[in-house]
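Enquirer: This is what each chain is made of:
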Amino acid sequence: AQSVAQPEDQVNVAEGNPLTVKCTYSVSGNPYLFWYVQYPNRGLQFLLKYITGDNLVKGSYGFEAEFNKSQTSFHLKKPSALVSDSALYFCAVNPPNTGFQKLVFGTGTRLLVSP
Amino acid sequence: SAVISQKPSRDICQRGTSLTIQCQVDSQVTMMFWYRQQPGQSLTLIATANQGSEATYESGFVIDKFPISRPNLTFSTLTVSNMSPEDSSIYLCSAKEGSGSGPGELFFGEGSRLTVL
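Same order as they appear, the protein sequences are chains E and V. If you read the first sequence in the working numbering, its first letter stands for residue 169, the second for the next number, and so on. If you read the second sequence in the working numbering, its first letter stands for residue 28, the second for the next number, and so on.
Some hints here could point you the wrong way.
[As the list claims (entries may be wrong)] Away from chain V, derived, C-beta distances all over 12 Å, residues of chain E:
#	residue
1	Gln206
2	Gln213
3	Asn223
4	Leu224
[As the list claims (entries may be wrong)] Below, simulated DSSO-like cross-link-like pairs (lysine-lysine); rule was C-alpha separation at most 30 Å, straight line:
#	chain 1	residue 1	chain 2	residue 2
5	E	Lys190	E	Lys237
6	E	Lys237	E	Lys270
7	V	Lys92	E	Lys217
8	V	Lys92	E	Lys270
9	E	Lys237	E	Lys217
10	E	Lys226	E	Lys270
11	E	Lys245	V	Lys92
12	E	Lys226	E	Lys245
13	E	Lys237	E	Lys226
[Stated by the list, open to error] Reference excerpt, derived from the structure (chain E facing chain V, CB under 10 Å, subset only):
#	residue
14	Tyr204
15	Leu212
16	Leu271
Please keep in mind that the hints were generated in silico from the structure rather than gathered at the bench. Every residue, glycine too, gets a C-beta built ideally from N, C-alpha and C.
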């Protein structure tokens with residue numbers, strides 16, 4: 169079955185410190201991978217995606233993610249966290265056998281950045 | 028990027044009634060999707076709505092419960108029929124920008140939060 173795992177319900181980090189939000193996937197073939205962020209009372213916003221090429225992709229708001237095929241992971245990172253980064257983060261995969269029409273989401277990780 | 032507007036943003040409904048959620052996109056899009064986000068849970072795809080054809084429903088979702096319309100390339104509606112408290116959720120409209128069928132990011136509306144009493 170196709171699935172996405174975000175093993176941490178919540179990640180706490182102090183402002184200015186680096187942050188990592190973990191994501192692993194279980195999908196046959198070569199999926200496309202995405203990160204979305206959801207601020208309180210808002211819809212999801214696209215952060216970044218991996219389609220092909222360089223394993224390190226850069227996205228909005230200074231975020232980046234590293235694709236690791238051998239570990240089937242796509243962890244989200246930022247070198248220096250801001251309090252305004254506090255939000256709910258979703259990892260998602262676009263399985264190839266769906267014709268690239270669907271996204272399968274992880275359960276989300278709440279990021280809390282303290283001042 | 029496309030801007031998606033949903034109405035209503037929230038509503039409180041009585042058991043047994045139906046509610047229609049409207050989704051308007053500010054540009055023409057081929058594919059629109061309806062997701063459900065239950066409290067404390069991830070997003071679950073309800074159906075894919077393409078203009079000019081019947082919506083395609085995911086396992087566990089049926090047309091009688093969640094009828095969908097897609098009259099043109101910028102608009103869609105989702106109706107939650109005969110509601111029960113278990114339907115209390117956030118319903119999200121999304122669209123894939125562009126007309127191609129290849130991979131691409133989705134854009135989401137701000138969601139419609141339904142509470143069924």
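Enquirer: Compare the structure with each hint and give your call.
Expert: Hints versus structure:
no.	hint	in the structure
1	Gln206	violated (9 Å)
2	Gln213	violated (7 Å)
3	Asn223	holds (17 Å)
4	Leu224	holds (18 Å)
5	Lys190/E x Lys237/E	holds (14 Å)
6	Lys237/E x Lys270/E	holds (21 Å)
7	Lys92/V x Lys217/E	violated (33 Å)
8	Lys92/V x Lys270/E	holds (21 Å)
9	Lys237/E x Lys217/E	holds (15 Å)
10	Lys226/E x Lys270/E	holds (22 Å)
11	Lys245/E x Lys92/V	violated (40 Å)
12	Lys226/E x Lys245/E	holds (10 Å)
13	Lys237/E x Lys226/E	holds (17 Å)
14	Tyr204	holds (8 Å)
15	Leu212	holds (4 Å)
16	Leu271	holds (6 Å)
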